[in-house]
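Asks: Now for the letters of each chain:
Number of protein chains: 2
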Amino acid sequence: MSCVCVDAMGGDEKPEVVLEGIAEALAADPELTVLVAGNEDVVVPFCAKHERARALVTTEVIGMGEHPTEAVRSKKDSSIVRGLMAVRKGEADGFFSAGSTGAIFAAASLSVGRIRGVKRACIATSIPGSTGRPSVFLDMGANADVRPEMLVQFAQMGRAYSRVVVGVDDPKVALLSNGAEDTKGSAAVVEAHQALAALDADWFCGNCEGSDLLAGRFDVIVTDGFTGNVALKAMEGTAKFVLGAIKKAVGSSKRAAAGAMMLKPTLKGLAHELMGEEYGGAVLLGLKAPVLIGHGATSVEAVKNGTLSCKRALDSQLVDKIAAEVAQAK
Amino acid sequence: MSCVCVDAMGGDEKPEVVLEGIAEALAADPELTVLVAGNEDVVVPFCAKHERARALVTTEVIGMGEHPTEAVRSKKDSSIVRGLMAVRKGEADGFFSAGSTGAIFAAASLSVGRIRGVKRACIATSIPGSTGRPSVFLDMGANADVRPEMLVQFAQMGRAYSRVVVGVDDPKVALLSNGAEDTKGSAAVVEAHQALAALDADWFCGNCEGSDLLAGRFDVIVTDGFTGNVALKAMEGTAKFVLGAIKKAVGSSKRAAAGAMMLKPTLKGLAHELMGEEYGGAVLLGLKAPVLIGHGATSVEAVKNGTLSCKRALDSQLVDKIAAEVAQAK
Numbered sequence: 010m011s012c013v014c015v016d017a018m019g020g021d022e023k024p025e026v027v028l029e030g031i032a033e034a035l036a037a038d039p040e041l042t043v044l045v046a047g048n049e050d051v052v053v054p055f056c057a058k059h060e061r062a063r064a065l066v067t068t069e070v071i072g073m074g075e076h077p078t079e080a081v082r083s084k085k086d087s088s089i090v091r092g093l094m095a096v097r098k099g100e101a102d103g104f105f106s107a108g109s110t111g112a113i114f115a116a117a118s119l120s121v122g123r124i125r126g127v128k129r130a131c132i133a134t135s136i137p138g139s140t141g142r143p144s145v146f147l148d149m150g151a152n153a154d155v156r157p158e159m160l161v162q163f164a165q166m167g168r169a170y171s172r173v174v175v176g177v178d179d180p181k182v183a184l185l186s187n188g189a190e191d192t193k194g195s196a197a198v199v200e201a202h203q204a205l206a207a208l209d210a211d212w213f214c215g216n217c218e219g220s221d222l223l224a225g226r227f228d229v230i231v232t233d234g235f236t237g238n239v240a241l242k243a244m245e246g247t248a249k250f251v252l253g254a255i256k257k258a259v260g261s262s263k264r265a266a267a268g269a270m271m272l273k274p275t276l277k278g279l280a281h282e283l284m285g286e287e288y289g290g291a292v293l294l295g296l297k298a299p300v301l302i303g304h305g306a307t308s309v310e311a312v313k314n315g316t317l318s319c320k321r322a323l324d325s326q327l328v329d330k331i332a333a334e335v336a337q338a339k
Numbered sequence: 010m011s012c013v014c015v016d017a018m019g020g021d022e023k024p025e026v027v028l029e030g031i032a033e034a035l036a037a038d039p040e041l042t043v044l045v046a047g048n049e050d051v052v053v054p055f056c057a058k059h060e061r062a063r064a065l066v067t068t069e070v071i072g073m074g075e076h077p078t079e080a081v082r083s084k085k086d087s088s089i090v091r092g093l094m095a096v097r098k099g100e101a102d103g104f105f106s107a108g109s110t111g112a113i114f115a116a117a118s119l120s121v122g123r124i125r126g127v128k129r130a131c132i133a134t135s136i137p138g139s140t141g142r143p144s145v146f147l148d149m150g151a152n153a154d155v156r157p158e159m160l161v162q163f164a165q166m167g168r169a170y171s172r173v174v175v176g177v178d179d180p181k182v183a184l185l186s187n188g189a190e191d192t193k194g195s196a197a198v199v200e201a202h203q204a205l206a207a208l209d210a211d212w213f214c215g216n217c218e219g220s221d222l223l224a225g226r227f228d229v230i231v232t233d234g235f236t237g238n239v240a241l242k243a244m245e246g247t248a249k250f251v252l253g254a255i256k257k258a259v260g261s262s263k264r265a266a267a268g269a270m271m272l273k274p275t276l277k278g279l280a281h282e283l284m285g286e287e288y289g290g291a292v293l294l295g296l297k298a299p300v301l302i303g304h305g306a307t308s309v310e311a312v313k314n315g316t317l318s319c320k321r322a323l324d325s326q327l328v329d330k331i332a333a334e335v336a337q338a339k
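Protein chains in written order, with this note's numbering: chain A, 10 to 339; chain B, 10 to 339.
It is worth saying that the hints were derived from the structure and are not from the lab.
Quantities reported herein were computed from a predicted structural model and do not represent experimental measurements.
It is possible that part of the hints are untrue.
If chains are identical, the list can't say which one is meant, so a pair holds when it fits in one copy or spans any two.
27 angstroms max Cα-Cα, derived DSS-like pairs, lysine-lysine [said to hold, decoys possible]:
| hint | residue 1 | residue 2 |
| --- | --- | --- |
| 1 | K181 | K128 |
| 2 | K273 | K249 |
| 3 | K273 | K193 |
| 4 | K257 | K181 |
| 5 | K193 | K181 |
| 6 | K98 | K58 |
| 7 | K249 | K193 |
| 8 | K181 | K249 |
| 9 | K98 | K256 |
| 10 | K193 | K85 |
| 11 | K330 | K257 |
| 12 | K273 | K263 |
| 13 | K256 | K273 |
| 14 | K263 | K98 |
| 15 | K330 | K249 |
| 16 | K297 | K277 |
| 17 | K257 | K277 |
Let's have the full structure, built from the sequences with the hints guiding it.
Replies: Structural data, given as structure tokens:
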């Protein structure tokens with residue numbers, strides 16, 4: 010039995026959506042227990058009805074727009090801070106929330122702590138690929154400045170996550186750069202490339218470019234948190250731009266309007282995939298417990314999947330495998 | 010009279026396309042003279058037919074796929090190296106080519122040289138905006154590692170270009186970062202933000218994010234060459250991904266196929282705009298002469314526009330204005 014702490018207050022939706030997701034996760038996995046963190050009126054009635062759910066009553070909520078570190082510092086009794094503290098104390102084994110990524114990262118770094126040997130924790134997400142093969146993309150924003158050895162560890166941690174949680178046998182890893190050649194990149198990227206190449210491992214595929222991000226060519230794509238954040242938001246913005254331009258065309262021509270109407274299901278699916286509703290989920294790597302983050306615009310399905318993914322990370326001992334991967338390559 | 014040196018051999022198209030573009034530029038501007046660089050059989054017959062065209066006969070061509078600095082070093086008699094050398098010697102006042110951006114940047118840095126006080130030359134391009142307002146985006150790839158003062162100069166140079174060549178009265182400038190708050194960014198970006206804010210100028214709008222790139226909110230968006238390259242290619246890749254997914258849907262459903270057929274003109278326009286055919290043009294900023302680069306997949310129209318833009322940069326004294334902007338803010 011593993012216990013996942015789920016933040017009932019996280020995300021833009023009502024807590025009822027999160028609770029329904031938890032109920033579905035409990036129904037799907039009889040080995041799952043849940044610690045539900047949130048306001049008394051939300052969590053207590055829910056836990057009274059569900060055998061494998063315990064309540065963690067908190068009184069504060071960190072909003073999506075709040076300054077992460079300030080919110081974590083001032084709201085000690087928030088569902089995020091208390092939930093992650095429960096993980097630290099061993100009252101739960103992992104954490105899932107659809108709340109603010111920044112606040113969760115800040116609180117988890119403080120309370121859960123890093124795996125021995127890991128220089129920096131980072132945030133990974135999944136991006137779709139045109140071949141149907143998604144990629145684990147990291148760091149998506151935690152570390153704006155990185156040293157080469159951090160990029161090397163991101164590669165190792167992303168690989169462990171891809172193998173253990175995504176289920177890829179021998180994940181192929183590429184390093185994001187401004188050119189495919191070995192010598193291309195910032196000084197840190199060039200040095201990280203050399204260090205990764207020196208591992209002499211089949212899994213390192215060298216540099217890839219921005220145009221490879223959605224090409225579905227690699228299982229893991231590594232970059233610093235500054236570039237990762239800009240690239241993800243640029244992709245999101247471009248998808249919006251393209252879909253917006255199609256919408257605009259609808260107003261200007263009957264022909265285009267009819268075309269867009271017929272394409273609507275396709276376009277809607279794409280919007281989901283590219284505008285954060287699919288890839289919006291994230292996982293913190295390098296911490297002593299699995300911490301998963303759902304997209305703020307969450308759904309019953311997303312909470313269920315997030316909770317079960319956290320359970321899967323526990324069952325498959327993600328943390329131990331990351332520790333082994335990082336220790337081995339030192 | 011200003012003389013623009015045009016590389017007849019640059020780009021993926023046949024030289025005939027470039028020559029036709031030059032002929033149209035000559036017809037459009039009676040004050041324009043052109044120095045046409047390229048193989049004898051290409052440039053001599055053309056110049057014999059056009060009064061304001063002189064031939065610069067060269068024997069080598071730098072291909073689009075060649076390593077930039079190596080090609081510039083080894084092909085001394087290429088149209089790019091000789092053409093830029095002609096600018097250095099005063100035989101032409103500016104340069105336009107649809108050839109390899111990397112090779113042109115390398116050759117121009119060596120032969121044309123930087124404006125006094127400019128720390129690094131950079132490459133700017135124009136990206137479309139959903140409001141219809143395009144942005145000058147720089148650096149798109151020349152400088153993978155930058156110091157804060159270089160980002161400040163990129164802002165000044167981009168602003169001068171937007172004012173003088175694009176024709177914006179008082180261009181608004183934003184700094185690309187991984188968050189809108191002043192404190193967000195890599196160490197270099199945070200420091201550049203402080204330096205730009207210290208100028209106390211109305212035109213500095215603070216940080217913007219990757220999702221703002223195509224939002225048409227700013228006239229100039231500044232970043233380092235690593236992030237700029239990744240972001241541009243990520244946008245290109247996303248546009249391809251979206252259009253590819255629409256194409257795929259066409260195969261799977263008659264309804265979607267009919268829709269896509271009706272939307273075809275709209276989608277084609279978007280592909281042009283986002284996949285390098287529109288924003289693909291670039292300009293080198295910080296050098297002692299205007300150097301403009303057309304997209305490799307060029308056209309008669311693109312060569313005509315590129316040549317005339319170079320002439321406009323000369324007429325409006327872009328170089329002097331960049332020098333003044335940089336000197337003023339020191």
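Asks: State for each hint whether it applies.
Replies: Against the structure, the hints come out as follows:
In this assembly of identical chains, the alpha carbons of K181 and K128 lie at most 27 angstroms apart only when taken from the same copy (22 angstroms versus 39 angstroms across copies). Taking the closest pair of Cα atoms, K273 and K249 come within 27 angstroms of each other both inside a single copy (14 angstroms) and across two copies (18 angstroms). Proximity of K273 and K193 under a CA criterion of 27 angstroms is satisfied in neither setting, with 41 angstroms inside one chain copy and 37 angstroms between copies. For the homomeric pair K257 and K181, the shortest alpha-carbon distance between copies (26 angstroms) is at most 27 angstroms, but the shortest distance inside one copy (40 angstroms) is not.
When the C-alpha separation of K193 and K181 is checked against a cutoff of 27 angstroms, the pair qualifies only within one copy, where the shortest distance is 20 angstroms, while the shortest distance between copies is 31 angstroms. When the C-alpha separation of K98 and K58 is checked against a cutoff of 27 angstroms, the pair qualifies only within one copy, where the shortest distance is 26 angstroms, while the shortest distance between copies is 85 angstroms. Only between protomers do K249 and K193 lie at most 27 angstroms apart by alpha-carbon distance; the minimum there is 24 angstroms, versus 30 angstroms within a single protomer. For a Cα distance limit of 27 angstroms, the shortest separation of K181 from K249 across copies, 23 angstroms, qualifies, whereas the shortest one inside one copy, 30 angstroms, does not.
In this homomeric assembly, K98 and K256 never come within 27 angstroms of each other (Cα to Cα): the closest approach is 51 angstroms inside a single copy and 52 angstroms across copies. Taking identical chains as interchangeable, the C-alpha atoms of K193 and K85 lie at most 27 angstroms apart only when they sit on different chains, with a minimum of 24 angstroms there against 45 angstroms within one chain. Neither within a single protomer nor between protomers do K330 and K257 lie at most 27 angstroms apart by alpha-carbon distance, with minima of 49 angstroms and 38 angstroms respectively. Taking the closest pair of Cα atoms, K273 and K263 come within 27 angstroms of each other both inside a single copy (15 angstroms) and across two copies (13 angstroms).
Taking identical chains as interchangeable, the C-alpha atoms of K256 and K273 lie at most 27 angstroms apart whether they share a chain (10 angstroms) or sit on different chains (14 angstroms). Taking the closest pair of Cα atoms, K263 and K98 never come within 27 angstroms of each other, the shortest separation being 62 angstroms inside a single copy and 57 angstroms across copies. In this homomeric assembly, K330 and K249 never come within 27 angstroms of each other (Cα to Cα): the closest approach is 38 angstroms inside a single copy and 36 angstroms across copies. Taking the closest pair of Cα atoms, K297 and K277 never come within 27 angstroms of each other, the shortest separation being 38 angstroms inside a single copy and 49 angstroms across copies.
For the homomeric pair K257 and K277, the shortest alpha-carbon distances inside one copy (16 angstroms) and between copies (14 angstroms) are both at most 27 angstroms.
Of the numbered hints listed earlier, those contradicted by the structure are 3, 9, 11, 14, 15, 16.
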